[in-house]
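Asker: As a plain string of letters, each chain reads:
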Amino acid sequence: ETGVTQSPTHLIKTRGQQVTLRCSSQSGHNTVSWYQQALGQGPQFIFQYYREEENGRGNFPPRFSGLQFPNYSSELNVNALELDDSALYLCASSSQGLNEQFFGPGTRLTVL
Amino acid sequence: AQSVSQHNHHVILSEAASLELGCNYSYGGTVNLFWYVQYPGQHLQLLLKYFSGDPLVKGIKGFEAEFIKSKFSFNLRKPSVQWSDTAEYFCAANSLGGGADGLTFGKGTHLIIQP
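Going down the list, the sequences are from chains Z and E. With the numbering used here, letter number 51 in the first sequence gets 451, and the count goes up by one each step, no holes. With the numbering used here, letter number 73 in the second sequence gets 770, and the count goes up by one each step, no holes.
I should point out that these hints are in silico values taken from the structure, not numbers from a laboratory. Each residue gets a CB set at the ideal place from its N, CA and C atoms; glycine is no exception. A hint or two may mislead.
What the hints assert, rightly or not - Among the chain Z residues that face chain E by a calculated CB cut under 10 angstroms, a handful are:
1) S433
2) Y435
3) Q437
4) G440
5) P443
6) Q444
7) F445
8) Q448
9) G456
10) G458
11) L490
12) N499
13) E500
14) Q501
15) G506
Stated by the list, open to error - Distance ranges between label pairs, derived from CB positions:
16) E482/Z <-> K804/E: 16 to 24 angstroms
17) P470/Z <-> H707/E: 41 to 49 angstroms
18) G726/E <-> E500/Z: 13 to 21 angstroms
19) F469/Z <-> E763/E: 36 to 44 angstroms
20) H410/Z <-> K804/E: 21 to 29 angstroms
21) S715/E <-> Q418/Z: 47 to 55 angstroms
22) F469/Z <-> Q739/E: 25 to 33 angstroms
To be verified - Covered stretches of chain E, going by a simulated chain Z footprint (3 or more residues, C-beta under 8 angstroms):
23) 740-746
24) 798-806
Construct the entire structure; sequences and hints are all you get.
Answerer: Rendered as structure tokens:
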């Protein structure tokens with residue numbers, strides 16, 4: 401196992417609601433990336449945070465937003481949930497200059 | 698646009714058979730390449746990575762991959778598979794230097810090893 405933890409493990413929401421997912425990075429890592437993995441697909445890059453700022457983003461709408469805290473933990477917020485947001489959300493931590501990402505177990509989000 | 702494609706979505710092999718999973722990438726510039734594995738009920742784990750140098754890279758659990766620049770390929774191989782290799786395998790890439798560039802993943806190959 402990596403030292404990356406995510407909470408909650410599972411979550412059920414209804415369409416239109418908002419959700420917050422949390423991630424604690426591995427000790428010594430200062431960069432957190434978030435990915436969405438739909439059923440039967442590979443993970444898709446949402447965004448990356450470094451030094452508490454978003455410094456890279458994939459093809460996701462603005463209703464996907466995030467935060468990184470001084471201890472390098474991170475949150476992913478999704479507003480106005482849609483049915484297609486149902487997926488496994490993965491957090492990965494890394495160190496700038498060390499191009500290897502370590503993944504957490506994920507949060508399974510179901511939108512009804 | 699950057700993309701990674703995996704040729705086989707489902708592969709079924711018998712124990713001791715040889716394995717090769719295909720991966721092709723489309724990226725502007727120089728890339729870093731990775732293979733990740735996801736065992737049932739577990740998180741994504743890095744099998745091996747290629748940044749530069751020897752195009753034949755060895756990873757954990759007896760896996761290896763060969764980077765062929767002219768073919769834009771990074772195929773995963775194992776000479777003799779075991780039942781415990783049953784898992785989902787993902788090829789991934791990002792730009793040299795990484796930085797703010799997230800990983801682009803293929804759709805994955807579901808590998809089933811029959812005893």
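Asker: Please go over all the hints and tell whether each is borne out by the structure.
Answerer: Hint check:
1. S433: 5 angstroms, holds
2. Y435: 7 angstroms, holds
3. Q437: 8 angstroms, holds
4. G440: 8 angstroms, holds
5. P443: 5 angstroms, holds
6. Q444: 7 angstroms, holds
7. F445: 3 angstroms, holds
8. Q448: Holds - the Cβ of Q448/Z comes within 10 angstroms of chain E, reaching about 6 angstroms at its closest.
9. G456: Holds - the Cβ of G456/Z comes within 10 angstroms of chain E, reaching about 3 angstroms at its closest.
10. G458: Given a least distance of 6 angstroms, the restraint on G458/Z holds.
11. L490: 7 angstroms, holds
12. N499: 3 angstroms, holds
13. E500: Status holds, d = 6 angstroms.
14. Q501: 7 angstroms, holds
15. G506: This interface hint holds because 7 angstroms falls under the 10 angstroms limit.
16. E482/Z <-> K804/E: 16 to 24 angstroms: At 22 angstroms between Cβs, range holds.
17. P470/Z <-> H707/E: 41 to 49 angstroms: 45 angstroms, holds
18. G726/E <-> E500/Z: 13 to 21 angstroms: 19 angstroms, holds
19. F469/Z <-> E763/E: 36 to 44 angstroms: 41 angstroms, holds
20. H410/Z <-> K804/E: 21 to 29 angstroms: 24 angstroms, holds
21. S715/E <-> Q418/Z: 47 to 55 angstroms: 49 angstroms, holds
22. F469/Z <-> Q739/E: 25 to 33 angstroms: 27 angstroms, holds
23. 740-746: That given contact holds, which follows from 5 residues of the stretch 740-746 of chain E lying within Cβ reach (below 8 angstroms) of chain Z.
24. 798-806: Coverage by chain Z holds here, the residue count being 8 at a Cβ distance below 8 angstroms.
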